[in-house]
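J.: For what it's worth, this note's numbering labels the leading residue of the sequence shown as 1, then goes sequentially.
What the hints contain is simulated information worked out from the structure, not anything from laboratory work.
If a hint is listed, it holds; no wrong ones were tucked in.
Okay, derived cross-link-like pairs now, SDA-like style, lysine to any residue, Cα gap no bigger than 25 Å in a straight line:
| hint | residue 1 | residue 2 |
| --- | --- | --- |
| 1 | Lys313 | Gln476 |
| 2 | Lys512 | Asn203 |
| 3 | Lys185 | Ser157 |
| 4 | Lys508 | Asp337 |
| 5 | Lys506 | Gly320 |
| 6 | Lys433 | Arg146 |
| 7 | Lys317 | Gly504 |
| 8 | Lys345 | Leu262 |
| 9 | Lys345 | Val327 |
| 10 | Lys313 | Gly251 |
| 11 | Lys406 | Arg122 |
| 12 | Lys427 | Asp112 |
| 13 | Lys433 | Tyr130 |
| 14 | Lys317 | Lys506 |
| 15 | Lys317 | Lys345 |
| 16 | Lys449 | Thr298 |
| 17 | Lys345 | Gly438 |
| 18 | Lys512 | Gly333 |
| 19 | Lys313 | Pro503 |
| 20 | Lys427 | Tyr452 |
| 21 | Lys458 | Tyr367 |
| 22 | Lys511 | Thr279 |
| 23 | Lys345 | Leu325 |
| 24 | Lys449 | Asp214 |
| 25 | Lys485 | Ala303 |
| 26 | Lys427 | Gly459 |
| 27 | Lys385 | Gly320 |
| 28 | Lys427 | Leu475 |
Ranges of calculated distance between the beta carbons of each label pair, as one might list FRET restraints:
| hint | residue 1 | residue 2 | range |
| --- | --- | --- | --- |
| 29 | Glu73 | Arg472 | 49 to 59 Å |
| 30 | Asn474 | Ala304 | 15 to 25 Å |
| 31 | Ala154 | Gln259 | 50 to 60 Å |
| 32 | Lys508 | Arg178 | 18 to 28 Å |
| 33 | Ala386 | Asp453 | 25 to 35 Å |
| 34 | Gln259 | Asn474 | 20 to 30 Å |
| 35 | Ser309 | Glu514 | 21 to 31 Å |
The beta carbon of each residue, even a glycine, is placed where N, CA and C say it ideally should be.
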Amino acid sequence: MKNSGRTRRVSGQRSPRKAWLAAAWLAAVLAGGPAARAGELEVYNLSGRPVTCLIDGYTKASGADATVPFRVEPGQTLRIPPAAGSKDRVLNTADCGGLQTRAMNITPESPDRVLFLNGRQRRVLNVLLYASIPTDPRTGFTAMIRWLASTYQAAHSDVLLNLVIDPSIDVYSFSSLRDNVLAAKGFDVAEIDTVFLRWLKDNQLITPARITGDEPLAVARAAATIDGQPYGVPSWLCSDFLFSTERDMAGIRTFPDLQAYLDKTGAARRGLVGDLNGTWTTPALYLQAHVQNHPDGTAEAAAAAPIDSGVIKRIAKFGGNCSLLNVDPCIDGTFHDAADGAVEKDFLSERAATDLGFSERSFFLAYFQTMPASLSLTPLPWGDKADAPRLVYSDAFVTNRAACGKDPCGADAAAFTAFMTSASTKKYIALAKDLPGGDPARHLIVATKPFYDDEEVKGDPVYAQLASGFLRGNLQPYLTSFTPKLQYDLLSGICPVLRQESPGWKCKVPKKPE
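Please model the entire structure based on the sequences and the hints provided.
T.: What follows is the structure in structure tokens.
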């Protein structure tokens, strides 16, 4: 959205004299150079009247020596960083004209948050978006958040949207989901991995979902459904792919096919690069491999069965393809602990034949390429049959029972999730319309069925491969009934056997739940 009004940074302008006299310390707090731009609250006043905002960290109630009201004139934009004197230097709430946001979690290191005030809003919807999606590191997510918020509010002018996307918010921790994300003072709506879905439902943290927008793919709807009732609105899908800049992987359909291909890798190169570590990654690999090696089973059956040593052997053999000169960064934690993009840079340096990752990792492969090259995507096969079922991971929007269990919040949540999962919104995000020209598409697997009917999507080489191959396969939803006990039990069984087969594999068993 193009802003034709005036932009004012708190650090560069003076508030009315009375406010500054009431809190003289504020001048020193807010003085600073360009580095202060990171982690700010952007308040746009699109109305015809001034708006006064009370900001967390700048009020007596939040620990400041004095309350400093921030007046935002019509057409003006005000940028406010977290107060240096506030506890932990976190800005969580903003009250603008009686509309109070929460759970903003703005820190000096976080992405910006954006509020558009139009003078007609009567209530607030606080939303957490899934942050594990790629973006241009020079741009971040702010442009995308601005577009999403302004576009949604153009059709829902009575709702102030507080939209948060922040990798520092842990959505893979049971305690974080219970005590923060979906607590009474957490978010009204959150986009989460459906591995937690039944646990969230059984702990009465979420409400049944209302799927009112574009039709989701069948496997996505199944992943968001418990006992016939949807508890999430499908958003994204994920699966493991092997990327190559060569065209000789087209015939790979089984694990023996793959191993024969990797065995041909020259002695000076790794067969693959990728992150095979992690308390979620390791059981995911195991369950995926188990289902493909027991094609009549399901993810639930794989999780309940005794640990299959034959499946573990196959995983260990696959991980060994990353070894070079007795060093294996895929399994020893090197890639797991490395900065984002390290795996893709290693692959593009021609030190590996293939790169393992979700479809969206193609963003970084294209982003870091010095010479343009087309990418092929091969779904990672674990079994001996070409038509073995493939587990698909999924993300969905859930509604917070404690914070948003009743209308009008529940209706606002349904309207918002319909907007976010519409084919047009998904196209904007997935094809990276928010990023500078020349940046690659994000290539996330969209869970919305009509998305793949779009002509621009059809013409994209990566989406064309997904639509003609992967999405036509035998797809099953990944396990949606993880609990702390199940995660502990799986890793307690997998790790000793895996380390016996591959001593260098870093496999961590979490603390036993009480």
